[in-house]
Amino acid sequence: MNKKIISLQIFVFVGFIFLWKFVIFVFNFPEFILPQPETVFIQWYLLLKSGLLLKHTMVTLSETLIGFTIGIFLGIVPGYFVAKSSKIDQTLSPYLVALQTAPKIALAPLIVMWFGFGILSKIIIVALIVFFPILVNIIVGIRSVDKNLLDLMKILNASKLQVLRLVELPASMPVLFAAFKTGITLAVIGAVVGEFIGANEGLGYLTIYAAGLMDTPQVFVAIFQLTIIGILLYLLIDYIEGKIIPWYREGEVDVVKNAEY
Amino acid sequence: MQNIELVYCSGKKQVKALDNISVDVEKGEFLSIVGPSGCGKTTILKIIARLINPTKGKIIKPDDFEVGYVFQNSTLLKWRSIIDNIALPLEIKGIEKQEAYSKAEEAMNIVELEEFRDAYPKDLSGGMRHRAAIARALVYDPEILLMDEPFGALDEPTRLKLNVEINRIWIKTHRTVIFVTHNVGEAVFLSNRVAVLSKRPAHIKKIIKIDLPKQRTLEILDSEKYIKQVLKIRKIFSQ
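Heads up: the sequence lines are chains A and B, in that order.
Just so you know, we're using my numbering here: the first sequence kicks off at 1 and counts up by one.
Just so you know, we're using my numbering here: the second sequence kicks off at 1 and counts up by one.
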């Protein structure tokens, strides 16, 4: 990124802060409707200093990461069999479509009822939400493997496991990483919604709790903290992608992005 | 592996693709198969490679032979470096790593790609990728090398250069090669014998022995002998 772009980006940020202050000035909003940016920042600093923010952040972060990891495996394993067997595909496809259309977020209250207010119910919600885009993309990835490559593996008498390890999985990596990137943002949303519904810790809980007290600055702090988590996780996946698939050039594979929640 | 006889018919959706095709392939020979596009040349190679089963007939003798297959596009694994691509067949066969890589290096030297040992396929030109694909097909010493229009997508100078290399590799490795192309000039330039196929359902119109020195050079392309044989086959081809 060149210097000019960076200074423009800083300019946009400063402009945003001024716009914020300007809106408060014009409409004369009280603190509990829209706090001043510096109030939010001070609140953020105080919460961080007390260790409270970090504690809630760690809860949401672990729910997100554990649920995300489980969701990946839940998606990849059946996805492989659906992609490889047209029988399984045809049998399951109406149910998969139903699963895809169902708003998984709407299941969240039910899951909290079943699995309680603790971290477990949030992990399940996250896994459920992440599962679908991963499933769809691994199917696309495995199906789009060059037919000649499979012929080559057959000529070489490769076992099914070798085909999976040497060809199908690596070939699916670009599509899979695209799904990881949508998946991780969905995962954060899932964890927060779960906490909204019933929890006693986590950033979603902090938001709802602060909103109940009309402590608007704290609501803003929680939202910003969530945004930061989302960005960091996304960048982490982007970084891992660069390490794992350096051979991949952006735009070389048609990527199916599947944003649904 | 003296005489392989191929006799088969293949019917797919009631459409006969191949009609009683039978060829004896001699060990160490370079046989080209030419024919119009879509006549089933690739199908023949796939039957020899046992990727497709013929509806009738079979491949006689030997029962169990290994083939190396060079596809129309180079079909390299994008996520592996050139040396890793060439070593792939040995890895699949479970050959110990050190031995596998020393063999792979050898094959890489034959196709003269030493400089690109650790490069990814995307960093290579089309011609170099095909050379890597040929090395991969040679690395496990298959009895027969099957080449399916490997240079169809390349520009003329690159194709000619690779043709000379194929000839050099063939002489050096004493391998039996079955080469499919729609380019009569290429077939004559490379082969001991050229089999001309008809349109669908394909049968063999004629098998012509090529009379040229074993080592083929670019000068041959201008010789009267070469041109005469090309014209002769082209005539059979378009009949």
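Keep in mind the hints are simulated off the structure, nothing from the lab.
One thing to keep in mind: the hints can contain errors.
Covered by chain B, according to a simulated footprint, are these stretches of chain A (three or more residues, beta-carbon under 8 Å) [what the hints assert, rightly or not]:
1. 81-87
2. 141-150
3. 166-176
Within a straight-line C-alpha distance of at most 25 Å, the following computed SDA-like cross-link-like pairs (lysine to any residue) qualify [stated by the list, open to error]:
4. A:K154 / B:I227
5. B:K46 / A:N148
6. B:K78 / A:F81
7. A:K154 / B:K214
8. A:K154 / B:I95
9. A:K154 / B:K228
10. B:K205 / A:L52
11. B:K78 / A:Y239
12. A:K147 / B:K27
13. A:K243 / B:L124
14. A:K160 / B:K46
15. A:K147 / B:I208
16. A:K154 / B:E105
17. A:K154 / B:N53
18. B:K103 / B:S81
19. B:K27 / B:I171
20. B:K46 / A:L166
21. B:K27 / A:F81
22. B:K27 / B:D141
23. A:K147 / B:L154
24. A:K160 / B:E91
25. A:K84 / B:G38
26. A:K84 / B:T43
27. A:K154 / B:I208
28. B:K122 / A:F81
29. B:K214 / B:V67
30. B:K122 / A:E241
31. B:K97 / A:A171
32. B:K122 / A:I237
33. B:K46 / A:V145
34. B:K225 / A:A171
35. B:K93 / A:F13
36. B:K78 / A:I223
37. A:K147 / B:Q72
38. A:K154 / B:S238
39. A:K147 / B:N73
40. B:K228 / B:I208
In this text, a Cβ means the ideal position worked out from N, Cα and C, and glycines have one as well.
Hint-by-hint comparison with the structure:
no., hint, in the structure
1, 81-87, "violated (count 0)"
2, 141-150, "holds (count 3)"
3, 166-176, "holds (count 5)"
4, A:K154 / B:I227, "40 Å, violated"
5, B:K46 / A:N148, "11 Å, holds"
6, B:K78 / A:F81, "24 Å, holds"
7, A:K154 / B:K214, "34 Å, violated"
8, A:K154 / B:I95, "18 Å, holds"
9, A:K154 / B:K228, "41 Å, violated"
10, B:K205 / A:L52, "85 Å, violated"
11, B:K78 / A:Y239, "20 Å, holds"
12, A:K147 / B:K27, "30 Å, violated"
13, A:K243 / B:L124, "21 Å, holds"
14, A:K160 / B:K46, "20 Å, holds"
15, A:K147 / B:I208, "33 Å, violated"
16, A:K154 / B:E105, "24 Å, holds"
17, A:K154 / B:N53, "14 Å, holds"
18, B:K103 / B:S81, "16 Å, holds"
19, B:K27 / B:I171, "13 Å, holds"
20, B:K46 / A:L166, "22 Å, holds"
21, B:K27 / A:F81, "43 Å, violated"
22, B:K27 / B:D141, "14 Å, holds"
23, A:K147 / B:L154, "21 Å, holds"
24, A:K160 / B:E91, "14 Å, holds"
25, A:K84 / B:G38, "29 Å, violated"
26, A:K84 / B:T43, "24 Å, holds"
27, A:K154 / B:I208, "33 Å, violated"
28, B:K122 / A:F81, "30 Å, violated"
29, B:K214 / B:V67, "23 Å, holds"
30, B:K122 / A:E241, "18 Å, holds"
31, B:K97 / A:A171, "23 Å, holds"
32, B:K122 / A:I237, "23 Å, holds"
33, B:K46 / A:V145, "19 Å, holds"
34, B:K225 / A:A171, "48 Å, violated"
35, B:K93 / A:F13, "58 Å, violated"
36, B:K78 / A:I223, "41 Å, violated"
37, A:K147 / B:Q72, "12 Å, holds"
38, A:K154 / B:S238, "36 Å, violated"
39, A:K147 / B:N73, "11 Å, holds"
40, B:K228 / B:I208, "13 Å, holds"
Hint check: violations occur at hints 1, 4, 7, 9, 10, 12, 15, 21, 25, 27, 28, 34, 35, 36 and 38; the rest are consistent with the structure.
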